[in-house]
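K.L.:
Protein sequences, first through last, are from chains C and W.
One gets the working numbering by counting positions in the first sequence from 1 and adding 385 to each.
One gets the working numbering by counting positions in the second sequence from 1 and adding 242 to each.
For the record, the hints were derived by calculation from the structure and aren't laboratory data.
Any given hint might turn out to be false.
On the chain W side, residues computed to face chain C include the following (Cβ under 10 Å) [stated by the list, open to error]:
hint, residue
1, 250
2, 260
3, 277
4, 283
5, 284
6, 290
7, 306
8, 334
9, 341
10, 344
11, 346
Being a predicted model, the structure only gives us computed values, none of them experimental.
Ideal Cβ positions, reconstructed from N, Cα and C, are used throughout, including at glycine.
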Amino acid sequence: GENVEQHPSTLSVQEGDSAVIKCTYSDSASNYFPWYKQELGKRPQLIIDIRSNVGEKKDQRIAVTLNKTAKHFSLHITETQPEDSAVYFCAARGGGSYIPTFGRGTSLIVHP
Amino acid sequence: DAGITQSPRHKVTETGTPVTLRCHQTENHRYMYWYRQDPGHGLRLIHYSYGVKDTDKGEVSDGYSVSRSKTEDFLLTLESATSSQTSVYFCAINRADNEQFFGPGTRLTVL
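Next comes chain C alone, as it looks inside the complex (with noise of 0.2 Å):
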């Protein structure tokens, strides 16, 4: 079955700096790639996905990269502020699945 590592477990970042999150699968079959933010105490929710017919996608100050030859995509976020402190889940799905592999989780931690 798929397999997904996500690194850093924790990333520590000052207010304004980029903060860069990756994750590899194992599947060369996954097709579709979300991230997830989930805040302390609340549930996870759907920041930004890519699909392997794109290699990168923007929205506004995150953005993620897919390398479908290396089997890795990375999160990315510009310009952090402290409410973007939050565990970060990437997750892949094969073609025809609908079921998700989740990666472990980053927490991020953005101090002022």
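Since chain C is already given, all that's left is putting chain W on it; use the hints.
P.N.:
Just chain W now, with coordinates in the frame of chain C:
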């Protein structure tokens, strides 16, 4: 978000007792999921359903059973709760745009 609710939101129970958690959706989606979330482990799939009375196991299904008698309801039962099942449980639905949309979660403590 009213699309998916979970009950109860918090529960404390004793080892050996049965526990049932309920997930209710108002969006009529076919796929529903139960996850548990523990520090250092992320979100792990317990069971999922792909239709009424159609369910299958996830990676951590031992000690859990599920039922889905109506499209809108997906029940998770811990037949005999153990301390290792202390966790936060999330239900989710798969929306048409492929988004996994999560419920608010149930915090379960087994003493």
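K.L.:
Does each hint fit the structure? Answer for all of them.
P.N.:
Evaluation of the provided hints:
1. 250: violated, 16 Å
2. 260: It is violated, given that the least Cβ distance between residue 260 of chain W and chain C is near 26 Å, above 10 Å.
3. 277: Status holds, d = 8 Å.
4. 283: Interface hint status for residue 283 of chain W: holds (6 Å vs cutoff 10 Å).
5. 284: holds, 4 Å
6. 290: This hint holds: residue 290 of chain W lies near chain C, its Cβ roughly 7 Å from the closest one there, short of 10 Å.
7. 306: Nearest chain C Cβ about 16 Å off; hint violated.
8. 334: holds, 8 Å
9. 341: This hint holds: residue 341 of chain W lies near chain C, its Cβ roughly 5 Å from the closest one there, short of 10 Å.
10. 344: holds, 4 Å
11. 346: Cβ of residue 346 of chain W sits 5 Å from chain C, so the hint holds.
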